[in-house]
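Guided by the hints, dock chain P onto chain S, whose structure is given.
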Amino acid sequence: MQKLSRRKKLIATLALVAACGSIAVVAASKPKKAAIAQMDESKRALHALNRLTFGPRPGDVEKVTAMGVDKWIDLQLNPQKIDDSALQARLQNFRTLNMDARSLVQEFPPPQLIKAVADGRSRMPSDPAERAIYQARIDAYKQKQQKKAEAGDNNANIDDAGQNDANLTPEQRQQRSAQQEERMYAELDADALADKSPNDRFNAIVRMSPEDRRTMVQSMGQESRQKLMDGMSPEQREQLQAMANPQSVIINELVQGKLIRAIYSERQLEEVMTDFWFNHFNVYVQKNADRFLTTSYERDAIRPHVLGKFKDILMATATDPAMMVYLDNFQSIGPHSDAALGLNRNRPQRRQNRGFFGRTFGDNPRPQNNKQPDKQKQKRGLNENYARELMELQTLGVDGGYTQADVTEVAKVFTGWTVKQPQQGGNFQFDERLHEPGDKKVLGKKIKEGGMGEGKKVLDMLASSPATAHFISKKLAMRFVADDPPPSLVDSMATTFLKTDGDIKEVLRTMFHSQEFWAPEAYRAKVKTPLEFVVSAVRVTGTDVQNAQPLAQQLQKMGMPLYAMQPPTGYKMTADVWVNSAALLNRMNFGLALASGKMRGLGLDKESLLGPNTAAPPADADSAVAAVSRTLLDGDISQQTHDTIIKQLNDPQLNPRGVAMNDNPRLRDADLSVIAGLMLGSPEFQRR
Amino acid sequence: MFNSKITRRVFMKNSALAVVGTAVIPSFLTRAAYADLTEGGKKRMVVLFQRGAADGLNIVIPHGDPMYYQLRPTINIPQNAVIDLDGYFGLHPSMAAFKPLWDTKQLAIVHASGSPDETRSHFDAQDYMESGTPGVKSTDDGWLNRAMACEHSKDEKDSPFRAVALGTSLPRALSGTFPAVAVSNINDFGVGNARNPMAAGLSNSFESMYAGSVDTVLHGTGKETFDAVKMLKAADPSKYTPVNGANYPRGRFGDSLKQVAQLLKADLGVEVAFADIGGWDHHVNEGNTQGQIANITREFSQAIAAFWTDIGDLGTDTVLVTMSEFGRTAKENGTRGTDHGHANVMFVLGGPVKGGKVYGRWPGLDQRHLYEGRDLEVTTDFRTVLSEGLYNHMGNHELAKVFPGFDADPRKKFLNFVRT
Chain S
1 MQKLSRRKKL IATLALVAAC GSIAVVAASK PKKAAIAQMD ESKRALHALN
51 RLTFGPRPGD VEKVTAMGVD KWIDLQLNPQ KIDDSALQAR LQNFRTLNMD
101 ARSLVQEFPP PQLIKAVADG RSRMPSDPAE RAIYQARIDA YKQKQQKKAE
151 AGDNNANIDD AGQNDANLTP EQRQQRSAQQ EERMYAELDA DALADKSPND
201 RFNAIVRMSP EDRRTMVQSM GQESRQKLMD GMSPEQREQL QAMANPQSVI
251 INELVQGKLI RAIYSERQLE EVMTDFWFNH FNVYVQKNAD RFLTTSYERD
301 AIRPHVLGKF KDILMATATD PAMMVYLDNF QSIGPHSDAA LGLNRNRPQR
351 RQNRGFFGRT FGDNPRPQNN KQPDKQKQKR GLNENYAREL MELQTLGVDG
401 GYTQADVTEV AKVFTGWTVK QPQQGGNFQF DERLHEPGDK KVLGKKIKEG
451 GMGEGKKVLD MLASSPATAH FISKKLAMRF VADDPPPSLV DSMATTFLKT
501 DGDIKEVLRT MFHSQEFWAP EAYRAKVKTP LEFVVSAVRV TGTDVQNAQP
551 LAQQLQKMGM PLYAMQPPTG YKMTADVWVN SAALLNRMNF GLALASGKMR
601 GLGLDKESLL GPNTAAPPAD ADSAVAAVSR TLLDGDISQQ THDTIIKQLN
651 DPQLNPRGVA MNDNPRLRDA DLSVIAGLML GSPEFQRR
Chain P
1 MFNSKITRRV FMKNSALAVV GTAVIPSFLT RAAYADLTEG GKKRMVVLFQ
51 RGAADGLNIV IPHGDPMYYQ LRPTINIPQN AVIDLDGYFG LHPSMAAFKP
101 LWDTKQLAIV HASGSPDETR SHFDAQDYME SGTPGVKSTD DGWLNRAMAC
151 EHSKDEKDSP FRAVALGTSL PRALSGTFPA VAVSNINDFG VGNARNPMAA
201 GLSNSFESMY AGSVDTVLHG TGKETFDAVK MLKAADPSKY TPVNGANYPR
251 GRFGDSLKQV AQLLKADLGV EVAFADIGGW DHHVNEGNTQ GQIANITREF
301 SQAIAAFWTD IGDLGTDTVL VTMSEFGRTA KENGTRGTDH GHANVMFVLG
351 GPVKGGKVYG RWPGLDQRHL YEGRDLEVTT DFRTVLSEGL YNHMGNHELA
401 KVFPGFDADP RKKFLNFVRT
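Going line by line, the protein sequences match chains S and P.
Take 1 as the starting number for the first sequence in the working numbering and just add one per residue.
Take 1 as the starting number for the second sequence in the working numbering and just add one per residue.
In isolation and in its complexed conformation, chain S is listed as follows (with noise of 0.2 Å):
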């Protein structure tokens, strides 16, 4: 109640401001024109950059301006041909987002597979680098084995050992000071490594053995490990890493990705559109196999139909073994289908279970010889959980007119949607075996058994029903205009869905191209999420990325960790989620520690914070404020922001240089931090 009406008052005051500011523009408009007409063409195309981008850098609105915005948008909405080299460039040393989850796998092996090999179950691999990937971990491997039976032998003082030398024993004690010796020599290894040439480095590190390697890397502080890559092409670094750990590599190097892509792409809508389809069909990265199933998913599923027809990125989803083990349908197995009953029927017999490479995620469903039913295989059977978020979130949204008996023959449907062999980073494939014989009945109509094509036709009914173009239509406005967007909106982009068979570019256009996307309640209605927050300060700021973990680890303070979101809702865009105190903190204080400029990995050039057109620096605490809002606010900055930056200025107990600015004004670092810091965490850049 209180929310609607803080909602509604926030509206009107926008509505008065953006009227006010702009009387003179309006006069005699034609009224459909009229709502358009109140933005100037710079307030439009900042309003544009807004919605369609991460956030405006610097000399955006003047360009898109100049291109015309309405031009503008029509080239977001055709990336291809917007250049995008620059940013290819920073993307090269992210070798994993090219890969295959096959090879993924292979390079950055997972436990399971590493377990196969320890225990000989799999070969090792020949190349001397992968190898030693291999050792590193089988020799972790073992040493936890080894801690976890000491930790049985003797269970009584399992809490002590280790903390308090005062508890050790005496043999206890002798071996914790020969380590300590140990890694002294070990450090003098390091040493000469270092003066060694990268290449000679990389390759006497890999021909170490394990232990000598654990002993020297556990030696060494963050920064000489950082030192003892320095040179190394990226394919180098990432194995050493992978030798620490080796799925880190993966889920480091996608999420780096997409902050980098999402601050430096220029393609933007593209990578608005990645992330909202993304997350549409989200998928959880921790969540077994998808830890190397999810960079292909983004990169082959999602990404090529962000502005393409509905109905190909709902097919690319539902075919992606990502979206199979997320949604758990890939363990489904129809109740009456040949596997749950341990029939043949002549199919050609399966490779016997050997190892890892023929074991399949979890429990293997298949019945293994085919004599007689085996009573505990028959257990297995449908589960629900694609079936019923296909239709709850993906598709005809909650109120869409289903009920629990179609979640179920849709599951039904789905059945023998399955992975082969997930853990090893297979495809997805179907497999009639695992497929529920017979007719299904889903929301009234009869899907005639057929194998395969059952699905395929659930999934074309569900695109292209009325249901589902307004669900989509609607989740699209409230990430393009309002939380609450308007119905009539809604409606015509819906109606743009049904006529063009799905079209999202189309839906998109009718979007951009409607009053209510440019009605001055709009402007500025968004409250960012934590993702468009930090994105957006590090393209306003102009700030170079040398690493963006840094940012990852901001955004899982900020609740907003990267394919990290365990349920299938996806992150919500709306401000009630996001506005409370611990996350206004939060964002306070990344405000100050990006504009501080020391943020590891984060370079910032804070004399640009003053702008292109400043020949001689500001000569006041008024101009430079002036100057800072002009690049991080558009000049959009309130009364109360700015008197508040301008007394902390001026304070000579609040100046960190210990001097009111207006009687040193020879601006300084340390003020441009100040000011931009403040302007970072207030209100003002809460909003886009």
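Don't take every hint at face value.
Stated by the list, open to error - Below, a list of computed lysine-lysine pairs in the BS3-like style, where the Cα atoms sit at most 27 Å apart: (1) Lys-331/P - Lys-557/S; (2) Lys-258/P - Lys-441/S; (3) Lys-239/P - Lys-287/S.
What the hints assert, rightly or not - To give a feel for the contact side, a few chain P residues facing chain S, derived at Cβ under 7 Å: (4) Ala-199; (5) Gly-201; (6) Val-217.
To be verified - Chain S is faced by these chain P residues, among others (derived, beta-carbon under 10 Å): (7) Asp-188; (8) Leu-218; (9) Pro-352; (10) Gly-356.
Rather than coming from a laboratory, the hints here were simulated on the basis of the structure.
Bear in mind the structure is a predicted one, so any value in this text is a computation, not a measurement.
Glycine is no exception: its CB is placed at the ideal position from the N, C-alpha and C atoms.
For chain P alone, coordinates are given in the frame of chain S:
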């Protein structure tokens, strides 16, 4: 006990004034400094949400119901492994931490409880349970917020911590007109690095920006935030480390409860606290005595038991209640897990609780008694349980405002598990 309270009060007084420094002293702080916030024995309620639909049938196991074993051939908890409670129900073996609480009659259980709405959507069901209005999507605020708003006037003098949630966002249950604070970590709940001499100045600047903002949404949250920041600095709850025997399990949930305990022990005037724990959606390989369900119930019960040990005497005035959006299918599914179901189990723990008993009518697991032929039936509306806690413990007599559209007089259905 008495002495430690005095010390704490004196500390509050001194440190509150020290921290505030040159800025205008907010009235709530002067009140906190000169009076004892907990005077009169303030009643408290801690609300815990198990997100993802916990499998109540494998948490409080109806081991006396033979149907249970028939329906769950691979994921049942064998009778000899169950921690028996009353001959019919028993706890999952990894919840041994709850047994002493049950034995001392502080822990009660309401089985077959939940939301009457038929939805099996996590999102909708959580939303309904938190708004407190099943089936009504247009409700703007949460039941816990309304519970605070209706009983208490919005008195500026009050502590900003009267309603607090642990986490990076404010849960639906606590959103609404009553000021509520979300805290992700009490140790960095503030502006800037505490060692930075500039931090206080920057904090004041942000405060003044948000205080003067015409952006009503951000303005309101900003005020709540800075009131809380100042008060937290003054009370410094981080110095209240867990008492001996309070062994919080590692992880977010244990951390959340540890911090709730710190806020309570620091006398910050907390009346309702909210925390949640995810990871209950076990569609595949749920496990039985070992596995996913065992791990999460262990974490869940150990954290709550540690919290209870940690708050000590404060438990006398505290009632803790747990809930989850819906239960899971009575029958295990085709992948040794369970799908979305209906009724669930709620725990109620507290000094005023008449524990050691499983409350509510058990509908049974016979096919003909199952809701829609597949799930445990709801025989106790979750709002009845919460209403009783609010009415009997918190002294909130405006239940019609907390749960609009619910029973005109829910008291008739009270199970009487809380002493008035």
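Right, here's what the structure says about each hint:
1. Taking the CA atoms of Lys-331/P and Lys-557/S, the gap is about 39 Å. The hint is violated against a cut of 27 Å.
2. Our distance criterion of 27 Å between C-alpha atoms is broken by Lys-258/P and Lys-441/S, whose separation comes to about 51 Å.
3. As the CA atoms of Lys-239/P and Lys-287/S are separated by approximately 37 Å, the hinted pair breaks the 27 Å bound.
4. Restraint check, Ala-199/P versus chain S: the minimum CB separation of about 9 Å is more than 7 Å; hint violated.
5. At its closest, the beta carbon of Gly-201/P sits 4 Å from a beta carbon of chain S; the interface hint therefore holds under the 7 Å criterion.
6. Annotation: Val-217/P was flagged as interfacial toward chain S, and the flag holds, the nearest CB pair being 5 Å apart, inside 7 Å.
7. At a threshold of 10 Å, the smallest CB-CB gap from Asp-188/P to chain S is about 8 Å, leaving the interface hint in force.
8. Using the Cβ-Cβ criterion of 10 Å, the hint placing Leu-218/P at the interface with chain S is satisfied: the shortest such distance is roughly 4 Å.
9. Among the interface hints, the one on Pro-352/P is violated; its C-beta lies about 30 Å from the nearest C-beta in chain S, farther than the 10 Å criterion.
10. Using the Cβ-Cβ criterion of 10 Å, the hint placing Gly-356/P at the interface with chain S is not satisfied: the shortest such distance is roughly 31 Å.
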